[in-house]
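Visitor: Count along the sequence shown from 1, add 3, and you get the number used in this note's numbering.
Any given hint could be a false lead.
[As the list claims (entries may be wrong)] Calculated pairs, BS3-like style, for lysine-lysine (alpha carbon to alpha carbon, straight line, at most 27 Å):
#, residue 1, residue 2
1, Lys145, Lys76
2, Lys76, Lys113
3, Lys145, Lys158
4, Lys160, Lys113
5, Lys159, Lys145
6, Lys158, Lys113
7, Lys160, Lys69
8, Lys145, Lys113
9, Lys160, Lys145
10, Lys113, Lys159
If you're looking for bench data, these hints aren't it; they were derived computationally from the structure.
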Amino acid sequence: MPNSKPQRKGGYDVIKNGKGKSMPEKAVSFHGRGITSVAELRRLQTLPADLPSFVRGGVSLQANSKERPRLTKVLLNVTIQGSLGAVQVLMSPELAVDDLIAAAVSNYVKDRRRPVLPTSRPFDFDLHYSQFSLESLNREAKLAGLGSRNFFLCKKKVAVDGGGSGSGDCGVSSCSKEAEKGTKFGLLWLQFMNFLQ
4 MPNSKPQRKG GYDVIKNGKG KSMPEKAVSF HGRGITSVAE LRRLQTLPAD LPSFVRGGVS
64 LQANSKERPR LTKVLLNVTI QGSLGAVQVL MSPELAVDDL IAAAVSNYVK DRRRPVLPTS
124 RPFDFDLHYS QFSLESLNRE AKLAGLGSRN FFLCKKKVAV DGGGSGSGDC GVSSCSKEAE
184 KGTKFGLLWL QFMNFLQ
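Whenever a hint applies, use it, and build me the whole structure from the sequences.
Guide: Quick look at the structure:
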């Protein structure tokens, strides 16, 4: 009884044609089978056994120690008033808010962003948590203790008529005066609307 399986001869699959002649088809390696059975390759040991376990891939050093690893650098986003995008600053968490203001202003000027700042002195700016925050951050506070990585930088407003404190974007008293102006204008507008009816 003739065998329907092709026979191997010299690494090729041999198929017999109808006349009994053998013709090579394709190499066996073409089909993904090797000539000989594939023996499992021995893996070379590239690291000596006397290296510490964290280098060899064993138990890590952090799992053995009780203390948490310290952050060496923190990426902070500072949006400058009037600017489209935030300035990204990479700083140590041990530095103060004053250093962050100086670095953000320096990066903004160095990148030649628009609008151009009226001054490049860091002492002319205050840092806030957001544009809606009235109170500026303490310049001596550490960055690690702030609890945020996104901040808003705006120019200090000069105290007008002694109403503002001059230390923030707008002092609490000057902001309340601006709010009173807005409500007075709104009341006048409503009275005008009643007059038209």
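Visitor: Give a verdict on every hint.
Guide: Hints, verified against the model:
With a CA separation close to 13 Å, the supplied pair Lys145 and Lys76 stays within the 27 Å bound. The suggested pairing of Lys76 with Lys113 holds, with an alpha-carbon distance near 21 Å, which does not exceed 27 Å. Distance check on the hinted pair: Lys145 and Lys158 sit about 21 Å apart at the alpha-carbon level, within 27 Å; holds. Taking the CA atoms of Lys160 and Lys113, the gap is near 24 Å; set against the 27 Å cutoff, the hint holds.
At most 27 Å may separate the alpha-carbon atoms for a hinted pair to count; Lys159 and Lys145 meet this at roughly 21 Å. The straight-line distance between the Cα atoms of Lys158 and Lys113 is roughly 18 Å, inside the 27 Å bound, and the hint therefore holds. For the suggested pair Lys160 and Lys69, the alpha carbons sit about 48 Å apart, so the restraint of at most 27 Å is broken. Restraint check for Lys145 and Lys113: the C-alpha separation of about 25 Å stays at or below 27 Å, so the hint holds.
Taken as a hint, the Lys160 and Lys145 pair is honoured in the structure, with Cα atoms around 24 Å apart against an allowance of 27 Å. Between Lys113 and Lys159 the alpha-carbon distance is near 21 Å, which keeps this suggested pair within the 27 Å criterion.
Of the numbered hints stated above, the single one contradicted by the structure is hint 7.
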